[in-house]
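*Asks:* Residue-level listing of the chains:
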Amino acid sequence: NAGVTQTPKFQVLKTGQSMTLQCAQDMNHNSMYWYRQDPGMGLRLIYYSASEGTTDKGEVPNGYNVSRLNKREFSLRLESAAPSQTSVYFCASSEVGDTFMGEQYFGPGTRLTVT
Amino acid sequence: DAKTTQPNSMESNEEEPVHLPCNHSTISGTDYIHWYRQLPSQGPEYVIHGLTSNVNNRMASLAIAEDRKSSTLILHRATLRDAAVYYCILMENYGQNFVFGPGTRLSVLP
Chain A
1 NAGVTQTPKF QVLKTGQSMT LQCAQDMNHN SMYWYRQDPG MGLRLIYYSA
51 SEGTTDKGEV PNGYNVSRLN KREFSLRLES AAPSQTSVYF CASSEVGDTF
101 MGEQYFGPGT RLTVT
Chain B
1 DAKTTQPNSM ESNEEEPVHL PCNHSTISGT DYIHWYRQLP SQGPEYVIHG
51 LTSNVNNRMA SLAIAEDRKS STLILHRATL RDAAVYYCIL MENYGQNFVF
101 GPGTRLSVLP
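Residue numbers (my numbering), protein chains in the order written: chain A, 1 to 115; chain B, 1 to 110.
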């Protein structure tokens, strides 16, 4: 199993450009998440999807949109990139239920620089 | 969301035990205590979680205070590969929203 995969690994954008970060998981998890991590900081939740067809805002949703394309895939879109969105972006997935308590599996991250 | 407090950094010698503390004085009765770690240039990885009782797994042990206001992650024999940032996180039962603080940066000296 590949676990959680993210593309691209690195990206440089100019201010105002748009792009979509892709995430896929092969663990049949219901829940998926997008986080950002600024230098020297912990992760902050941008959006999450508790199940296919649902999405909810996290702590820092402004400037981002998400799509839960199907159970496997959860994409993050920056419509008009700003330098403040320079960060490392992590996707994660988890299963929550009677025998799972939300252990999250993380992808390797996308390092985004906006100039 | 309930908050946790951890030391910014700790050091350990290789092959010695490491005790990483976490304070969570505002924990509620339904909050689970989760620990994750993040190796350099990688995404976080799950270490262990618990509710009230102490927990052991192949990676570590989790000791939870009787009043649940603090917990300690125990690495029994630190290796160089254990050098990472360790995050202590509270999660509501079936909750979806993890709040990562800055964590504790563990250095392991050979």
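One or more of the hints may lead you astray.
[Stated by the list, open to error] Quick list of in silico lysine-lysine cross-link-like pairs, BS3-like style, CA-CA up to 30 Å: (1) A/Lys-71 / A/Lys-57; (2) A/Lys-57 / B/Lys-69; (3) A/Lys-14 / A/Lys-57; (4) A/Lys-57 / B/Lys-3; (5) A/Lys-57 / A/Lys-9; (6) B/Lys-69 / B/Lys-3.
Read the hints as simulated data drawn from the structure, not as lab findings.
Being a predicted model, the structure only gives us computed values, none of them experimental.
*Asks:* With a cut-off of 30 Å on the C-alpha distance, tell me whether A/Lys-71 and A/Lys-57 pass.
*Replies:* Holds, because 18 Å separates the two Cα atoms, which is no more than 30 Å.
*Asks:* Run the distance test for A/Lys-14 versus A/Lys-57: straight-line Cα separation, threshold 30 Å.
*Replies:* 25 Å, holds
*Asks:* Verify the proposed pairing of A/Lys-57 with B/Lys-69, using a straight-line Cα cut of 30 Å.
*Replies:* Since the Cα atoms of A/Lys-57 and B/Lys-69 sit roughly 29 Å apart, the hinted pair holds (cutoff 30 Å).
*Asks:* Decide if the proposed pair is consistent with the structure: A/Lys-57 and B/Lys-3, CA atoms, cutoff 30 Å inclusive.
*Replies:* It holds: about 20 Å lies between the C-alpha atoms, which stays within 30 Å.
*Asks:* Is the straight-line distance between the alpha-carbon of B/Lys-69 and that of B/Lys-3 30 Å or less?
*Replies:* 11 Å, holds
*Asks:* Does A/Lys-9 sit within 30 Å of A/Lys-57, going by the straight-line distance between their CA atoms?
*Replies:* Given that 30 Å is the threshold and the Cα spacing comes to 24 Å, the pair holds.
Taken one by one, the earlier hints all hold for this structure without exception.
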